[in-house]
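Assemble the whole structure, with the sequences as input and the hints as a guide.
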Amino acid sequence: MKPVTRISSRSVVLNVNDVDTDQIIPARFLTTTSRDGLGKNLFYDWRYAADGSLNDGFVLNDPQFANCRILVAGNNFGCGSSREHAPWALLDFGLQAVISTEIADIFRGNALKNGLLPVVVDPETHGWLVDHPAADLQIDVRDSSLTLPDGRKVHYPIDTFARFCLLEGVDQLGYLQNNEKAITEFEERRSWKP
Amino acid sequence: MPQNGRTLFDKVWSQHVVVPETDDTPAILYIDLHLIHEVTTPQAFSLLRERGLRVRRPDLTLGTMDHSTPTVPVRNFRDLAIVGEDAARQVGKMQENCKEFGLELHGFDSPNRGIVHVIGPELGATQPGKTIVCGDSHTSTHGAFGALAFGIGTTEVGHVLATQCLLQRKPKTLAIVIDGELQTGVSAKDLILATIGQIGVDGGTGHVIEYRGSAIRSLDMDGRMTVCNMSIEAGARAGMIAPDDTTFEYLRGRPRCPSGAAWEAALQRWRRLASDDDAHFDREVRVDGSALSPMVTFGTNPGMVVPVSDAVPDHGGDPSFRKALNYMQMEPGKAISDIAVDVVFVGSCTNSRLSDLQQAAGLLRGKKVASGVRMLVVPGSQQIKKQAEDAGLDEIFLAAGAEWRESGCSMCLGMNGDTVAAGKLSVSTSNRNFEGRQGVGARTVLASPLTAAASAIEGKVADPRKYLEANR
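From first to last, the protein sequence lines stand for chains A and B.
For the first sequence, my numbering gives the first residue as 2, with consecutive numbering after it.
For the second sequence, my numbering gives the first residue as 54, with consecutive numbering after it.
Everything labelled a hint here was simulated from the structure, so no lab data went into it.
Careful, some of the hints might be misleading.
[Said to hold, decoys possible] For the chain B half of the interface with chain A, some residues (derived, Cβ under 7 Å), not all of them:
1) Ser121
2) Asp139
3) Gln143
4) Leu156
5) Gly160
6) Ser163
7) Gly204
[As the list claims (entries may be wrong)] Heads up, simulated DSBU-like pairs for lysine-lysine below, C-alpha to C-alpha not over 35 Å straight-line:
8) Lys146/B / Lys194/A
9) Lys225/B / Lys182/A
10) Lys376/B / Lys41/A
11) Lys223/B / Lys3/A
12) Lys182/A / Lys64/B
13) Lys152/B / Lys3/A
14) Lys154/A / Lys223/B
15) Lys41/A / Lys146/B
16) Lys225/B / Lys3/A
17) Lys513/B / Lys154/A
18) Lys387/B / Lys420/B
19) Lys194/A / Lys376/B
20) Lys154/A / Lys376/B
21) Lys3/A / Lys41/A
22) Lys152/B / Lys41/A
23) Lys152/B / Lys182/A
24) Lys387/B / Lys182/A
25) Lys194/A / Lys225/B
26) Lys387/B / Lys194/A
27) Lys64/B / Lys225/B
28) Lys64/B / Lys194/A
29) Lys223/B / Lys194/A
30) Lys146/B / Lys182/A
31) Lys41/A / Lys477/B
32) Lys420/B / Lys513/B
33) Lys376/B / Lys439/B
Backbone N, C-alpha and C define an ideal beta-carbon position, used for all residues, glycine too.
Given below as structure tokens:
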């Protein structure tokens, strides 16, 4: 994973609550055996009409939001399935952070492991962000802060270990492998064996 | 001296901590059973191959194929036609990966193939006190046995394959206490739908649920699995139920369960797992089981749910709510019983077990699926298919005009060619009514097997209770 230190971008707002992973990437695109190139299927059924034409009314199709790296979404973003294809698709599309008032557990874990930053903010800050699309935002991982265009800083919660892994680009599998001795000892000492 | 009572979750968690968590690092948690299927593993196996790693504990890894696999009835599994090149490649990869890494796979030639969350319990691999993971959010199902079971992403699938461990922060606990006797026609599905309606689709975020109370105790294992299965629909990665005699009787004699003296030792260990009387939960919610009705969803998430006898609620100006009603083509105030049905699906890891099929068949016996309605019945496993056929359930379904299929996830998520057409309304015993879940533009109403069967007969979303009362 590439280190993630700071994200500066304008925001794109998708203020829908409970956006589930079936919307982020529909199940019919999960037959892939690769993790690459999923961005073209991101929000497929919202981006495209039934005949395959572009849905002009969908915010990610609006040229003024092209190249925005920060998605401001409604409450409980990423609920539903455990498909890691969801963060893969968001990243491949070019998004690097999702801001919401709540982000679903499995999605949040998957996002962090791939360098997609989940940012949970208070309802007031969220309300401001929703009312101000295309706002120039800065998200800093080092002090876990979001800076609004007027310079106001809000801090967002992030697990210390997850932040360390983002900043250093640490691979968590390597960390687990370094604990091989402890794992073997655990297997030997447990009173019952699965 | 004050007691420090521990919850079922605390006990299972603490028995699996390899390295305790600190402020700076999450716990390393040992995994006793890793269930794998074709959709969320190929990228993990690729990583293992890139790094020259082996699967650390093939003996704790169990594979099946369920999501991308066809359910069209065939005489011989060799005749199965997988829908789509990508799906066929994915299924092929699963077979290759399991062979190369030496893993037990219940493929097309296995009489034990089925939905991953059906076969784990069926084989007795799912046991109380185990930690169980799978690259699938409905892994919460296995919590019905008093296991700590949760869905993981593909990166974590790779972690477990390589190290048999996961990095985890300890979640909070939420007790959902459901007392009272369920009325006739009200099943485990209605109970969990009502609960999600009460706490919301994010009501369990950050928590492990323990379902408690007399209504839970009186459920059979199939019903308990239905309840725990949908924990994730309330945002909770895991839902658990304390193991008891119902659990033990279900497991006794299953192929992967211990036997003889080892069974007795396991029983002793399992009986100690239940939460202590003075255990502390971070939150507690109560649901009155005796007041519940058959429940159906009307919107595009499982929390948008009402009694089948009610009307579609008003959106109250909420744009997300209005968007859901628009998608579902639902008018506020319209009686649920006036909603016309195109497709009925009985199946999925939520409701495809023998008792689910028995309930649907019991209501359909001697009746016909309404003209113009397509009904699909998909057993959860090849074993359940056989048990149902031995009991003559297939004949009841076929005589009523329903389709009787091979096992798989099927129309729950429409990855295998079993889909609902755009604009059509499906009454489904599955777990998600998200937009497009069962097919592009498909509209899903979640319901119990009883409600699904009644709806098939009437061609409208129907209350099953009138049929049950008539049969008394």
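Right, here's what the structure says about each hint:
no.	hint	verdict
1	Ser121	holds (6 Å)
2	Asp139	holds (4 Å)
3	Gln143	holds (5 Å)
4	Leu156	violated (16 Å)
5	Gly160	violated (17 Å)
6	Ser163	violated (22 Å)
7	Gly204	holds (4 Å)
8	Lys146/B / Lys194/A	holds (31 Å)
9	Lys225/B / Lys182/A	holds (29 Å)
10	Lys376/B / Lys41/A	holds (24 Å)
11	Lys223/B / Lys3/A	holds (27 Å)
12	Lys182/A / Lys64/B	holds (24 Å)
13	Lys152/B / Lys3/A	holds (33 Å)
14	Lys154/A / Lys223/B	holds (29 Å)
15	Lys41/A / Lys146/B	holds (23 Å)
16	Lys225/B / Lys3/A	holds (31 Å)
17	Lys513/B / Lys154/A	violated (54 Å)
18	Lys387/B / Lys420/B	holds (27 Å)
19	Lys194/A / Lys376/B	violated (51 Å)
20	Lys154/A / Lys376/B	holds (33 Å)
21	Lys3/A / Lys41/A	holds (22 Å)
22	Lys152/B / Lys41/A	holds (33 Å)
23	Lys152/B / Lys182/A	holds (28 Å)
24	Lys387/B / Lys182/A	violated (63 Å)
25	Lys194/A / Lys225/B	holds (27 Å)
26	Lys387/B / Lys194/A	violated (56 Å)
27	Lys64/B / Lys225/B	holds (14 Å)
28	Lys64/B / Lys194/A	holds (16 Å)
29	Lys223/B / Lys194/A	holds (23 Å)
30	Lys146/B / Lys182/A	holds (32 Å)
31	Lys41/A / Lys477/B	holds (26 Å)
32	Lys420/B / Lys513/B	holds (15 Å)
33	Lys376/B / Lys439/B	violated (43 Å)
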